Amino acid sequence: ETGVTQTPRHLVMGMTNKKSLKCEQHLGHNAMYWYKQSAKKPLELMFVYSLEERVENNSVPSRFSPECPNSSHLFLHLHTLQPEDSALYLCASSQVFRDYQETQYFGPGTRLLVL
Amino acid sequence: KNEVEQSPQNLTAQEGEFITINCSYSVGISALHWLQQHPGGGIVSLFMLSSGKKKHGRLIATINIQEKHSSLHITASHPRDSAVYICAVRSTGGGADGLTFGKGTHLIIQP
Chain A
156 ETGVTQTPRH LVMGMTNKKS LKCEQHLGHN AMYWYKQSAK KPLELMFVYS LEERVENNSV
216 PSRFSPECPN SSHLFLHLHT LQPEDSALYL CASSQVFRDY QETQYFGPGT RLLVL
Chain B
72 KNEVEQSPQN LTAQEGEFIT INCSYSVGIS ALHWLQQHPG GGIVSLFMLS SGKKKHGRLI
132 ATINIQEKHS SLHITASHPR DSAVYICAVR STGGGADGLT FGKGTHLIIQ P
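First to last, the protein sequences are chains A and B.
Counting in our numbering, the first sequence runs from 156 upward without gaps.
Counting in our numbering, the second sequence runs from 72 upward without gaps.
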């Protein structure tokens, strides 16, 4: 399998549930990203991992917890979400160097509905 | 005010028309991306550019760093070009850095 994959593609959860989103990249990249796309709002950066270390946490509520066990896998753990967290969650990966970053490749996204 | 502004927000055109989508940004950048998002959510990177002009098939992207402005052109537009086109910028040169996005331009090409 090639590119960036995300599972599940669709998720419905209650506010008391705990769930996890999974992203896997098969491109040999060393950086991975979580983005959120809410209705009628621009895409927003949530987290960045480079070489499995979190390098950016864009003021995201603690009910979202990322995990990057290795350079190919990225998780977003969800707990006690709110209905306003319903959105499309996109994962991306890229190859980064000290003074250059190649283009980011996006996964198909997980469409999340919080009831 | 968003750091990345796109215009128009919505555009409907007839098949074969020449399409231009504009992007203006207010911060210093190292690179600008044009992305295409189809219904269902999947995003494809069309161009990444930091100066000048790039061409791929019927798509052309230009950037003017001094004016902080970029354009995406589609020649001989086709209904399959219907999608949301998103402009995004990256502020730093090296290392891992997320993108800042515009709100997107919803393009519909009618047969």
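Hints were generated in silico from the structure; no laboratory data involved.
All values derive from a computational prediction rather than experimental measurement.
Please note that a few of the clues may not be correct.
Unchecked claim - Pairs of lysine to aspartate or glutamate, EDC-like flavour, derived with a Cα cap of 20 angstroms: (1) B:174 with A:239; (2) A:177 with A:254; (3) A:195 with B:74; (4) A:196 with B:74; (5) B:174 with A:240; (6) B:126 with A:240; (7) B:174 with A:207; (8) A:195 with B:88.
Evaluated hints:
1. For the proposed pair residue 174 (chain B) and residue 239 (chain A), the alpha carbon gap of about 19 angstroms is at most 20 angstroms, so the pair holds.
2. Taking the CA atoms of residue 177 (chain A) and residue 254 (chain A), the gap is near 29 angstroms; set against the 20 angstroms cutoff, the hint is violated.
3. A threshold of 20 angstroms between alpha carbons decides the hint, and for residue 195 (chain A) with residue 74 (chain B) the separation of about 16 angstroms falls inside it, so the pair holds.
4. Using a Cα cut-off of 20 angstroms, the hinted pair residue 196 (chain A) and residue 74 (chain B) holds, with the two alpha carbons roughly 13 angstroms apart.
5. Under the criterion of a C-alpha separation no larger than 20 angstroms, the hint pairing residue 174 (chain B) with residue 240 (chain A) is consistent with the structure, at around 18 angstroms.
6. Taken as a hint, the residue 126 (chain B) and residue 240 (chain A) pair is broken in the structure, with Cα atoms around 38 angstroms apart against an allowance of 20 angstroms.
7. Restraint check for residue 174 (chain B) and residue 207 (chain A): not satisfied, since their Cα atoms lie roughly 30 angstroms apart, outside the 20 angstroms limit.
8. Our distance criterion of 20 angstroms between C-alpha atoms is broken by residue 195 (chain A) and residue 88 (chain B), whose separation comes to about 27 angstroms.
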